[in-house]
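J.: One-letter residues, chain by chain:
There are 2 protein chains.
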Amino acid sequence: METEQKKYLLTAKKSENITDWYTQVIVNSEFVDYSAVSGMMVYRPDSYFAWDTIKEATDKLFKEAGVQDVYFPLFIPERFLMKESEHVKGFSPEVAWITHAGQSQLSERLAVRPTSETIMYDSFSRWIRSWRDLPIKFNIWASVVRWEFKHPTPLLRSREFLWNEGHSAFATLEEAEAERKIILDIYEKILREYLAIPGIRGRKTDNEKFAGAVASYSIEHLMPDGWVLQGPDHHSDGQNFARAFDIRFIDKDGQRKYVYQNTYAISTRELGAMVLTHGDDKGLVLPPKLARIQIVLVPIYNDLKKEEVLRYSRSVYESLRSNFRTYLDDRDEYSPGWKYNEWEFKGVPVRLEIGQREVDSNSVTTVRRDTGRKEGMKLEQLRDSLVSLLEDIHTNLYTRALKFLESHTFAVKSYEQLKKLVGNGIAQAPWCGSYECEAKINEETGAKITNLPSSEEENVKGQMCIYCGKEAKYIANFARSY
Amino acid sequence: METEQKKYLLTAKKSENITDWYTQVIVNSEFVDYSAVSGMMVYRPDSYFAWDTIKEATDKLFKEAGVQDVYFPLFIPERFLMKESEHVKGFSPEVAWITHAGQSQLSERLAVRPTSETIMYDSFSRWIRSWRDLPIKFNIWASVVRWEFKHPTPLLRSREFLWNEGHSAFATLEEAEAERKIILDIYEKILREYLAIPGIRGRKTDNEKFAGAVASYSIEHLMPDGWVLQGPDHHSDGQNFARAFDIRFIDKDGQRKYVYQNTYAISTRELGAMVLTHGDDKGLVLPPKLARIQIVLVPIYNDLKKEEVLRYSRSVYESLRSNFRTYLDDRDEYSPGWKYNEWEFKGVPVRLEIGQREVDSNSVTTVRRDTGRKEGMKLEQLRDSLVSLLEDIHTNLYTRALKFLESHTFAVKSYEQLKKLVGNGIAQAPWCGSYECEAKINEETGAKITNLPSSEEENVKGQMCIYCGKEAKYIANFARSY
Numbered sequence: 112m113e114t115e116q117k118k119y120l121l122t123a124k125k126s127e128n129i130t131d132w133y134t135q136v137i138v139n140s141e142f143v144d145y146s147a148v149s150g151m152m153v154y155r156p157d158s159y160f161a162w163d164t165i166k167e168a169t170d171k172l173f174k175e176a177g178v179q180d181v182y183f184p185l186f187i188p189e190r191f192l193m194k195e196s197e198h199v200k201g202f203s204p205e206v207a208w209i210t211h212a213g214q215s216q217l218s219e220r221l222a223v224r225p226t227s228e229t230i231m232y233d234s235f236s237r238w239i240r241s242w243r244d245l246p247i248k249f250n251i252w253a254s255v256v257r258w259e260f261k262h263p264t265p266l267l268r269s270r271e272f273l274w275n276e277g278h279s280a281f282a283t284l285e286e287a288e289a290e291r292k293i294i295l296d297i298y299e300k301i302l303r304e305y306l307a308i309p310g311i312r313g314r315k316t317d318n319e320k321f322a323g324a325v326a327s328y329s330i331e332h333l334m335p336d337g338w339v340l341q342g343p344d345h346h347s348d349g350q351n352f353a354r355a356f357d358i359r360f361i362d363k364d365g366q367r368k369y370v371y372q373n374t375y376a377i378s379t380r381e382l383g384a385m386v387l388t389h390g391d392d393k394g395l396v397l398p399p400k401l402a403r404i405q406i407v408l409v410p411i412y413n414d415l416k417k418e419e420v421l422r423y424s425r426s427v428y429e430s431l432r433s434n435f436r437t438y439l440d441d442r443d444e445y446s447p448g449w450k451y452n453e454w455e456f457k458g459v460p461v462r463l464e465i466g467q468r469e470v471d472s473n474s475v476t477t478v479r480r481d482t483g484r485k486e487g488m489k490l491e492q493l494r495d496s497l498v499s500l501l502e503d504i505h506t507n508l509y510t511r512a513l514k515f516l517e518s519h520t521f522a523v524k525s526y527e528q529l530k531k532l533v534g535n536g537i538a539q540a541p542w543c544g545s546y547e548c549e550a551k552i553n554e555e556t557g558a559k560i561t562n563l564p565s566s567e568e569e570n571v572k573g574q575m576c577i578y579c580g581k582e583a584k585y586i587a588n589f590a591r592s593y
Numbered sequence: 112m113e114t115e116q117k118k119y120l121l122t123a124k125k126s127e128n129i130t131d132w133y134t135q136v137i138v139n140s141e142f143v144d145y146s147a148v149s150g151m152m153v154y155r156p157d158s159y160f161a162w163d164t165i166k167e168a169t170d171k172l173f174k175e176a177g178v179q180d181v182y183f184p185l186f187i188p189e190r191f192l193m194k195e196s197e198h199v200k201g202f203s204p205e206v207a208w209i210t211h212a213g214q215s216q217l218s219e220r221l222a223v224r225p226t227s228e229t230i231m232y233d234s235f236s237r238w239i240r241s242w243r244d245l246p247i248k249f250n251i252w253a254s255v256v257r258w259e260f261k262h263p264t265p266l267l268r269s270r271e272f273l274w275n276e277g278h279s280a281f282a283t284l285e286e287a288e289a290e291r292k293i294i295l296d297i298y299e300k301i302l303r304e305y306l307a308i309p310g311i312r313g314r315k316t317d318n319e320k321f322a323g324a325v326a327s328y329s330i331e332h333l334m335p336d337g338w339v340l341q342g343p344d345h346h347s348d349g350q351n352f353a354r355a356f357d358i359r360f361i362d363k364d365g366q367r368k369y370v371y372q373n374t375y376a377i378s379t380r381e382l383g384a385m386v387l388t389h390g391d392d393k394g395l396v397l398p399p400k401l402a403r404i405q406i407v408l409v410p411i412y413n414d415l416k417k418e419e420v421l422r423y424s425r426s427v428y429e430s431l432r433s434n435f436r437t438y439l440d441d442r443d444e445y446s447p448g449w450k451y452n453e454w455e456f457k458g459v460p461v462r463l464e465i466g467q468r469e470v471d472s473n474s475v476t477t478v479r480r481d482t483g484r485k486e487g488m489k490l491e492q493l494r495d496s497l498v499s500l501l502e503d504i505h506t507n508l509y510t511r512a513l514k515f516l517e518s519h520t521f522a523v524k525s526y527e528q529l530k531k532l533v534g535n536g537i538a539q540a541p542w543c544g545s546y547e548c549e550a551k552i553n554e555e556t557g558a559k560i561t562n563l564p565s566s567e568e569e570n571v572k573g574q575m576c577i578y579c580g581k582e583a584k585y586i587a588n589f590a591r592s593y
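Chain order of the listed sequences is A and B. Just add 111 to the spot in the first sequence (first one is 1) and you have the numbering used here. Just add 111 to the spot in the second sequence (first one is 1) and you have the numbering used here.
With the rest of the complex left out, here is chain A (with noise of 0.2 Å):
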């Protein structure tokens, strides 16, 4: 019993440390754990089945975007690592190197994939010939390897995460330009209806872009301590690696071309954001449709009541389980407390609280995680009635979200103002476009420009750079970032 309570350990309060709060959560609740590699972490069972979730709902969606699943290579050798400057540029400093096998050392050395551009772009050269070849849109899920040495943070920041990886060629520019929104689309969809979660899309600044890329796009999520998080993005590569893999196809007209490509890409990070934006000082919030229990059933019983009550609540749990995620916990040696607090902490949407009173009047009373709001409910509507709440807590989770997110994201229009609310929200101000302004404002307010909402780009005109006062060319959202 008292392993047991220690477990559930959590002291630290959100709005005071985050960090802290961040890291108890999620391990004590046994969402994720550490692993014995440094910086890379085990999903455990309610972890994983929310990533799965995601990646299916993702997987459904590109499906019918036209987009195929292959899957490629976990090593990629080191001189196509090399092939294309600012890629190896941006990747080889945090790649992991096979250089044995068994006893034998390999005459090269071996990436374990950070990113799959290279090994994939290799087959693409050989496989494009023309341009009935084209589109090509293809999409990999698979984990990744990056060997940070910033301080690794589960789910936000580890050595190893999951993502997808979608890989496109197109005959023409148009076409590749085209994919961004569809594919965007697809990520804001599965954020809001799935992790109940906001984001602001924009273009990255070149400095900011994906190495290798001619431009970048990502959606950006505000944390509830003011930073930004990097979520999706999807990237224009243009014609780079077709250069540098000789990527060419013959086009209708018979002239010999270099494709345009895209990447884009998912990753497990989202959990972190989800954890981040829904949790409170009980512990995680799961949004329902990512929780691998989405409804417990807590007993309250006297020795005297006991079969009774746990007779209906059997047959409650029967009646539900085939329609929700349900658990029965009839665990005798737990109080009911003990138990509030142990679903609380793991984040289950609605808990059944069923007593002597419940059995009775023929009901339940419900109890929601994001609100702590009771209710007692009919067995006849019992259903639908739960059906409605787990929207209503998605909603809910959303509507929040959506709003703090409003309420954070502030027009600033003077460089003080703008390093007063760093740290504390997403200020858009006006900018120039230069580099020398981008990192003048990072080295003195911390701030990057996490992305150019593109919304905002007819706005800015007659406006001046809040930083050298020239003509600005965009509006960027400055935050501190993660």
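Rather than coming from a laboratory, the hints here were simulated on the basis of the structure. Take the hints with a grain of salt, since some may be wrong.
Stated by the list, open to error - Covered, in the sense of this in silico footprint (three residues per stretch, anywhere, with C-beta under 8 Å from a C-beta of chain B), are these stretches of chain A:
#1 146-159
#2 170-181
#3 185-192
#4 201-207
#5 422-432
Claimed, not checked - With a straight-line Cα cutoff of 20 Å, these simulated PhoX-like cross-link-like pairs (lysine-lysine) come out:
#6 B:Lys171 x A:Lys171
#7 A:Lys166 x B:Lys166
#8 B:Lys320 x B:Lys292
#9 B:Lys166 x A:Lys174
#10 B:Lys174 x A:Lys400
#11 B:Lys194 x B:Lys320
#12 A:Lys400 x B:Lys171
#13 A:Lys171 x B:Lys400
#14 B:Lys530 x B:Lys551
#15 A:Lys171 x A:Lys300
#16 A:Lys174 x B:Lys400
#17 B:Lys171 x A:Lys166
#18 A:Lys417 x A:Lys450
All values derive from a computational prediction rather than experimental measurement. All residues carry an ideal CB built from backbone N, CA and C; glycine is no exception.
Guided by the hints, dock chain B onto chain A, whose structure is given.
T.: What follows is chain B alone, placed relative to chain A:
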């Protein structure tokens, strides 16, 4: 055009040179491809679709059996692999080693997961405290790396392959033993209902069991060349790993005890078994459930009737696409005959030929890939007819494979007979159980004991070992093995 036609080259005959035939079929049909990393392969859309379907179907059955999916790190510290002495002997010759990250040398070498026992059981030892924490039934879907130095063959012997890794821990030996049938039943169901291939279930000899296990059980496939390929397996690890990793629990009686463990796996090797079993001299033959494209429509027209035939074909396509994975091949630059060959090479189960005759009679002509049989079908019952046809193709593939297995499994009475049959099927013979006889037979005939079919154990009474003439303990399956 010329390049395209070369791609579909199949010159080897299955019955004459199955090795060349296999390579030509899987690579030239665009099922898989070689990669730049020797021994590692690329799963193109058709092979990945097949694997993903197997994975999802298996996962569903696992979940019904109470198994939960998790994910563990890709890397394993060298000291962990060393903990179980048989295990390390079995795997260390094939391990790919990480020695560097970025520019830094690691203080301890890391193995790329060849199998996950050691990294998982380190966690188990921390997670399991009391009987309440048991049973644990975890599973990973992952890729593993085994740097085999034998000649690699795509799917059959790849240095990286995809698989499930089931890992369970139980309080009692009885529970652990009971799991075997549940899991092997699941595997057999998947093999029968998805891959349309039968297998022979049985225990491996001590000499052939998994490194670290007390006993291993396998499902073995007989290939058309008379050799045997090992399929899915389930290993009883007893308390071997529990002792090596100190995985103990406080039982209901207050005693601290070691857990009993099992592991089990099915891998992408099954796709190789599927290709070898069903393919023919025209190329792949895919079982309908695993075919990314189940039905291909080929319109046949001259210039005069082109629009009418295409319009009709499109309407047939539209009427089928929500029920079947359907593709309309309306490419103008290829002849119908060329298309027939291409889709037959790729193993698409059913072709619909649509010409003026079909338009005039409100019908289509169906051609089955497995038998080549043609049949006219009226549009009114087309959907139902195609459902039946696909089911019939599946049944035919399975039945054909089962008949081959049965007609090539021989109860042999003498060592001379065994020697003659080896390489041409499975020779079932009484065996005394000694390693000496097993090794001698292997040395002299090239046959190994693929497994000991459990159903035969009782039939052995009074029989003598086919090699030494002493009392037999088992009926053993002798065969040459992939």
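J.: Hint by hint, work out which the structure violates, then give me just those numbers in ascending order.
T.: 5
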